[in-house]
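One letter stands for each residue in the lines below.
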Amino acid sequence: MGPWKAVVYLNQFFGGIGGEEKAGMEPVVRSGPVGPGNLFAELFGPEVEMVATVICGDNYFSEHLEEATERVLALMEGFRPDLVLAGPAFNAGRYGIACGSVCNAVVDRLGIPAVTGMYPENHGAELSRRSVFIVETRGTTAGMREAAEKMSRLAGKLLRGEPVGFPEEEGYLPRGIRRNTFSAETGAVRAVKMLLQKMKGEPFATEYPLPAFDRVPLLPPVDRMSRVTLALVTSGGIVPRGNPDCIEASSATRYGKYDIGALSEMTPESHETAHGGYDPTYANADPNRVLPLDAARDLEREGRIGKLHPFYYATVGNGTSVARCGQFAREIARDLIRSGVGAVLITST
Amino acid sequence: MLLELGIIPVEEIDWGRKTAIDGKALHIHREELIEETRGNDFRIASVRADLARPGESVRILPVKDVIEPRVKIEGRGGIFPGLISGVETVGTGRTHVLKGCAVVTAGQVVGFQEGLIDMSGPGARYSSFSRLLNIVLGIDVLPGISPHQHEEALRLAGLRAAAYLGEACRSAVPESVERFEWPRFPTPVRRDAGLPDVAYVCMLLSQGLLHDTYLYGRDVKSLLPTLLLPTESMDGAIVSGNCVSACDKNTTYHHQNNPVISELLRRDGTDLRFLGTVVTNANVTLRDKVRSAEYAVKLVEMLGARGAVVSKEGFGNPDADAMMICAGLEERGIRTVLISDEFAGSDGASQSLADVTPHADAIVSVGNANERITLPPMERVLGDIRVAEKLAGGQSGSLARAGGLGVELQALLGATNELGFEVLYARGG
Amino acid sequence: MAKEMEREGIPAVHICTIVPISRTVGANRIVPAVAIPHPLGDPCKSKTEEKSLRRALVEKALQALETKIEGQTVF
Numbered sequence: 001m002g003p004w005k006a007v008v009y010l011n012q013f014f015g016g017i018g019g020e021e022k023a024g025m026e027p028v029v030r031s032g033p034v035g036p037g038n039l040f041a042e043l044f045g046p047e048v049e050m051v052a053t054v055i056c057g058d059n060y061f062s063e064h065l066e067e068a069t070e071r072v073l074a075l076m077e078g079f080r081p082d083l084v085l086a087g088p089a090f091n092a093g094r095y096g097i098a099c100g101s102v103c104n105a106v107v108d109r110l111g112i113p114a115v116t117g118m119y120p121e122n123h124g125a126e127l128s129r130r131s132v133f134i135v136e137t138r139g140t141t142a143g144m145r146e147a148a149e150k151m152s153r154l155a156g157k158l159l160r161g162e163p164v165g166f167p168e169e170e171g172y173l174p175r176g177i178r179r180n181t182f183s184a185e186t187g188a189v190r191a192v193k194m195l196l197q198k199m200k201g202e203p204f205a206t207e208y209p210l211p212a213f214d215r216v217p218l219l220p221p222v223d224r225m226s227r228v229t230l231a232l233v234t235s236g237g238i239v240p241r242g243n244p245d246c247i248e249a250s251s252a253t254r255y256g257k258y259d260i261g262a263l264s265e266m267t268p269e270s271h272e273t274a275h276g277g278y279d280p281t282y283a284n285a286d287p288n289r290v291l292p293l294d295a296a297r298d299l300e301r302e303g304r305i306g307k308l309h310p311f312y313y314a315t316v317g318n319g320t321s322v323a324r325c326g327q328f329a330r331e332i333a334r335d336l337i338r339s340g341v342g343a344v345l346i347t348s349t
Numbered sequence: 001m002l003l004e005l006g007i008i009p010v011e012e013i014d015w016g017r018k019t020a021i022d023g024k025a026l027h028i029h030r031e032e033l034i035e036e037t038r039g040n041d042f043r044i045a046s047v048r049a050d051l052a053r054p055g056e057s058v059r060i061l062p063v064k065d066v067i068e069p070r071v072k073i074e075g076r077g078g079i080f081p082g083l084i085s086g087v088e089t090v091g092t093g094r095t096h097v098l099k100g101c102a103v104v105t106a107g108q109v110v111g112f113q114e115g116l117i118d119m120s121g122p123g124a125r126y127s128s129f130s131r132l133l134n135i136v137l138g139i140d141v142l143p144g145i146s147p148h149q150h151e152e153a154l155r156l157a158g159l160r161a162a163a164y165l166g167e168a169c170r171s172a173v174p175e176s177v178e179r180f181e182w183p184r185f186p187t188p189v190r191r192d193a194g195l196p197d198v199a200y201v202c203m204l205l206s207q208g209l210l211h212d213t214y215l216y217g218r219d220v221k222s223l224l225p226t227l228l229l230p231t232e233s234m235d236g237a238i239v240s241g242n243c244v245s246a247c248d249k250n251t252t253y254h255h256q257n258n259p260v261i262s263e264l265l266r267r268d269g270t271d272l273r274f275l276g277t278v279v280t281n282a283n284v285t286l287r288d289k290v291r292s293a294e295y296a297v298k299l300v301e302m303l304g305a306r307g308a309v310v311s312k313e314g315f316g317n318p319d320a321d322a323m324m325i326c327a328g329l330e331e332r333g334i335r336t337v338l339i340s341d342e343f344a345g346s347d348g349a350s351q352s353l354a355d356v357t358p359h360a361d362a363i364v365s366v367g368n369a370n371e372r373i374t375l376p377p378m379e380r381v382l383g384d385i386r387v388a389e390k391l392a393g394g395q396s397g398s399l400a401r402a403g404g405l406g407v408e409l410q411a412l413l414g415a416t417n418e419l420g421f422e423v424l425y426a427r428g429g
Numbered sequence: 001m002a003k004e005m006e007r008e009g010i011p012a013v014h015i016c017t018i019v020p021i022s023r024t025v026g027a028n029r030i031v032p033a034v035a036i037p038h039p040l041g042d043p044c045k046s047k048t049e050e051k052s053l054r055r056a057l058v059e060k061a062l063q064a065l066e067t068k069i070e071g072q073t074v075f
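Residue numbers (the working numbering), protein chains in the order written: chain A, 1 to 349; chain B, 1 to 429; chain C, 1 to 75.
Because the hints were derived from the structure by calculation, they are not lab data. Note that CB positions come from ideal geometry on N, CA and C, so glycine has one too. Any given hint could be a false lead.
Among chain C residues calculated to face chain A with C-beta under 10 angstroms, some are [claimed, not checked]: (1) G9; (2) I10; (3) T24; (4) V31; (5) E50; (6) R55; (7) V58; (8) V74.
So the derived label-pair ranges between C-beta atoms look like this [claimed, not checked]: (9) B/G333 - A/R215: 27 to 37 angstroms; (10) C/I69 - A/R80: 28 to 38 angstroms; (11) B/R287 - A/P268: 22 to 32 angstroms; (12) A/E66 - C/Q72: 25 to 35 angstroms; (13) A/R160 - B/A45: 54 to 64 angstroms; (14) B/G86 - A/T267: 40 to 50 angstroms; (15) A/E146 - B/K24: 48 to 58 angstroms; (16) B/R131 - C/Q63: 49 to 59 angstroms; (17) A/R160 - B/E35: 52 to 62 angstroms; (18) B/P143 - A/R160: 50 to 60 angstroms.
Please put together the full structure from these sequences, using the hints given.
Next up, the structure:
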């Protein structure tokens, strides 16, 4: 196990280089701990060695976000660290953004744990709390020791591969993810209890706070469909018979791209559904009921559709998370745009 | 109205020369059980019977239904009315229950989606069925039988087996008797007692012949929401015909032991007044969904309820039904709590529900069904291991480690039951 | 999926049965379908009737793609 090697990220102020007048400085490296790094070294003891500190000016970082992140990451990588600690940034917005961006890149690209600390209202927290452990701190440096203690405790667990508790237990900002755990009471008992609280006007806590579904800007209409290539896409699981890509009946991990260039319709002999969430009888008897190839072909022949794209795409929407469906959709869309497709017709069951 | 449940605890189970309860041991005549399970159903080709006990290294898959053996001693009607008994209204008199054991129908898969029960190991923590003494029936049907006929044959066979075992405790002396009296007070008194008036809305999945639920033998697809006594489901008025994701399908056992009804009855007269159960469905057209949601809300309002618990079955499109019901109730000033599971992705980072309304501000979460779990190999597999990759929540590659299974909780029967049967829940991390 | 495709810049119309879900998730052009197991068909109808029903739905979807919208629209 240990001793592990940690690199610390600090801004110009905590790095001891200077105040606002030095905020434009580019990333530099100091060997060993600097400023808050000494506190981390004290808290960890011999278990973790602070091998280096990377320091960058807040203005430089926020004005060259991508480049600064890359440069900081490259400097850190040279030390082959097991852990990165950033900040804590308290309520300093530019510093928070930098800490979040560095930690994000470290987790994502170096595959090692990274922990930072911020005041909940720090703009940087909003930007990176979903992907990075951000310990909740006070708004000012008066909370330095407290923050460093929480950060080092959490980082220690990550290094040792121990399970990380919930935000309230560990002191990090909720990442917006859902984790299973066990209650002392059944769901039914909790439901009746919550109802009585709600009816009496007492405070109650929903166990699933409602999400805000995001929206995309409206796209202008297609000028004339008779001049455009249309692609068919379905989440209804219509696949060539035998399901060659083994798309799962639910919680699909993949989608398929299938040639229909030579087909004028779907038949029970050629296609079937892999979807496990609805009665497959009707779709298997006539797959056009889910992927309307026959009607689309007719309309293509009559000139109402410029051209039908020779491939359709299919996945199974059953139990497949919104995030994953979105990822499939973006990949499919890019593929379609490359192929010159101008519009998409999506069918769902 | 009064139903007495005579509880006959079962702590041991084995094959014997006669089917009978002896103290806390249930002896089962294997051949007779098989014969009774088969009944006169020409569609059934063969029946295998096995026993699976808690702690044993046994995996049962694919599971179609779980049923608790019960027998009607006194009162109108018989167990599982409309399917293997007449259609008289049940829920009064006396019923005996073999508590601690269950009939599990398994074997040849009907649709894509049946789940598994592990009798030991990490998977056993998620399902109450892992803690029961299970009589596992592997039922094969004749080749060429349609899926719908297949489902019906298995459904009825399981009910027959449970009724047959239930008969064994007809003359047994119950260890305890649970009395369910309802309403607890005559109606005029109830209104003035100052306790909150609560109704229960029980959504039943009704999406097609393989994803259906039966009320007194009637397919609830064609149901207009209706009222049920709290005790009717205890006598088997609601039977599952569902071949759908295992984690959140309500088996017949769940309906027989509906935990929301139990809890509302338990607190009836002290903390609340339980006004009754509205059963509604979750159909496949928007028109049907709107009609049923409107109608269910109307019934809750007619009961005079000021609050309601809404339980769900399934996920995806039934989220829309649940949200319509929540919104409808809240708009009428009826405070609502919804029980739902979540499909937040294996990393928990995705949105959990397909549909939401701002009115659904009180949700009890019964867990993220997408969370992954690795199930170690078991010494004995009852059913068919090859089905695992096709299970909802399984993936190709699920069989990667010899005999072990990497699956989502979705594949574990009852793991995220939306009647609130289990203690699992999801929280923000 | 429709939303994410539009995010990439390609117009998409969503034919689906459960319109409220599509609306919640954020599709912008929505065409209501027949039923979950057969969104573009109806097994109770004759083959010919069923196909004209399907064709009508696809045509409606094409029109939706050609229509300028001010916000999420159910056609």
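Hint by hint, here is what the structure shows:
1. G9: Holds - the Cβ of C/G9 comes within 10 angstroms of chain A, reaching about 7 angstroms at its closest.
2. I10: With a closest approach of 5 angstroms, the C/I10 hint holds.
3. T24: For C/T24, the interface hint holds, since the closest Cβ of chain A sits about 6 angstroms away, which is under 10 angstroms.
4. V31: 9 angstroms, holds
5. E50: 8 angstroms, holds
6. R55: Holds: closest Cβ of chain A sits about 4 angstroms from C/R55, inside 10 angstroms.
7. V58: Holds, about 5 angstroms.
8. V74: Nearest chain A Cβ about 14 angstroms off; hint violated.
9. B/G333 - A/R215: 27 to 37 angstroms: 30 angstroms, holds
10. C/I69 - A/R80: 28 to 38 angstroms: 54 angstroms, violated
11. B/R287 - A/P268: 22 to 32 angstroms: Distance hint for B/R287, A/P268 holds at roughly 28 angstroms.
12. A/E66 - C/Q72: 25 to 35 angstroms: 34 angstroms, holds
13. A/R160 - B/A45: 54 to 64 angstroms: Taking Cβ atoms as reference, A/R160 and B/A45 lie about 56 angstroms apart, which means the hint holds.
14. B/G86 - A/T267: 40 to 50 angstroms: 46 angstroms, holds
15. A/E146 - B/K24: 48 to 58 angstroms: For B/K24 against A/E146, whose Cβ atoms are near 57 angstroms apart, the range 48 to 58 angstroms holds.
16. B/R131 - C/Q63: 49 to 59 angstroms: Holds: the Cβ-Cβ distance is about 57 angstroms, inside 49 to 59 angstroms.
17. A/R160 - B/E35: 52 to 62 angstroms: Hint holds: Cβ distance 59 angstroms, inside 52 to 62 angstroms.
18. B/P143 - A/R160: 50 to 60 angstroms: 56 angstroms, holds
This entry does not satisfy hints 8 and 10, going by the numbered hints stated previously.
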